[in-house]
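The numbering of the sequence shown is the UniProt record's numbering, which starts it at 1 and goes up by one.
No lab work stands behind these hints, which were simulated from the structure alone. The beta carbon of each residue, even a glycine, is placed where N, CA and C say it ideally should be. Treat the hints with care, as some may be off.
As the list claims (entries may be wrong) - Here are the simulated BS3-like cross-link-like pairs (lysine-lysine), alpha carbons at most 25 Å apart as the crow flies:
no.: 1; residue 1: Lys160; residue 2: Lys150
no.: 2; residue 1: Lys67; residue 2: Lys32
no.: 3; residue 1: Lys150; residue 2: Lys95
no.: 4; residue 1: Lys67; residue 2: Lys22
no.: 5; residue 1: Lys95; residue 2: Lys132
Unchecked claim - Label pairs and their calculated CB-CB ranges:
no.: 6; residue 1: Gly129; residue 2: Gln33; range: 32 to 42 Å
no.: 7; residue 1: Gln162; residue 2: Val93; range: 19 to 29 Å
no.: 8; residue 1: His181; residue 2: Ala157; range: 13 to 23 Å
no.: 9; residue 1: Gly111; residue 2: Lys67; range: 10 to 20 Å
no.: 10; residue 1: Gln59; residue 2: His181; range: 31 to 41 Å
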Amino acid sequence: MFTLSTFTTGQLKIELGLAEEKFAPALFNILKQDASLLIPWLPWVADMQSVDQEVAFIQQSRLQFAKNTAIVLAILVNDQPAGMIDLHKIDLVQKNAEVGYWLGSQYQGQGIMTQALQQVSQYALTDLGLHKLLLLADVDNHPSIQVAQKSGYTLEATLKEQVRNHQGQYRNMRVFTLFNHNSSHLKEK
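Using the sequences provided together with the hints, build the complete structure.
Here you go:
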């Protein structure tokens, strides 16, 4: 397994590694357990109806990894799947990508996602040589906004009626960016 980073927070050992099919059952269970918390921000969670769909997503993400268009990482907490973080829409010509993430509720509020985002951002800007990372968060998703800000991302814009939610309403999204010249805000590996 490709491991991007390993770190600790408190008593927890965190590993960011390429998503594997064997993680699908645990990830699916977290999505179902936390569906009411995740669906307002991640409408696709409502469409995830089986472990097989999670397996298919992981398989698709592996194809994208091979094409250098996405890197989908499982967040393992003490060797157990706890969420995911990814770089998607990777453009190696324009040197930019988007970042996305989610974490099971039992792991939230412990600094895991902030450190994970810092590690992935450092990798993208340094190892991949990207110039710009974009992170979109619903204007009411305050935990995600806080993670972005703590990780050195800067609010660049608000996109009006950008994403259609699970109720068919169009939601405003905040766009946060991190540039390569801002990489000094990130912790060293």
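Hint by hint, here is what the structure shows:
The suggested pairing of lysine 160 with lysine 150 holds, with an alpha-carbon distance near 24 Å, which does not exceed 25 Å. Of the pairs offered as hints, the one joining lysine 67 and lysine 32 is violated, with about 30 Å between alpha carbons and a cut-off of 25 Å exceeded. For the given pair, lysine 150 sits about 23 Å from lysine 95 by alpha-carbon distance, which is consistent with the 25 Å threshold. Taking the CA atoms of lysine 67 and lysine 22, the gap is about 22 Å. The hint holds against a cut of 25 Å.
Between lysine 95 and lysine 132 the CA atoms are separated by roughly 7 Å; this keeps the pair inside 25 Å, and the hint holds. Between glycine 129 and glutamine 33 the beta carbon distance is about 38 Å. The supplied range of 32 to 42 Å therefore holds. Look at glutamine 162 against valine 93: about 24 Å separates their beta carbons, and that is inside 19 to 29 Å. Checked against the hint of 13 to 23 Å, the C-beta distance between histidine 181 and alanine 157 comes to roughly 19 Å, which is consistent with it.
Distance hint for glycine 111 and lysine 67: a CB-CB separation of about 33 Å, inconsistent with the stated range 10 to 20 Å. For the pair glutamine 59 and histidine 181, the supplied restraint of 31 to 41 Å holds, since their beta-carbon distance comes to about 37 Å.
Checked against the numbered hints above, the structure violates hints 2, 9; every other hint is satisfied.
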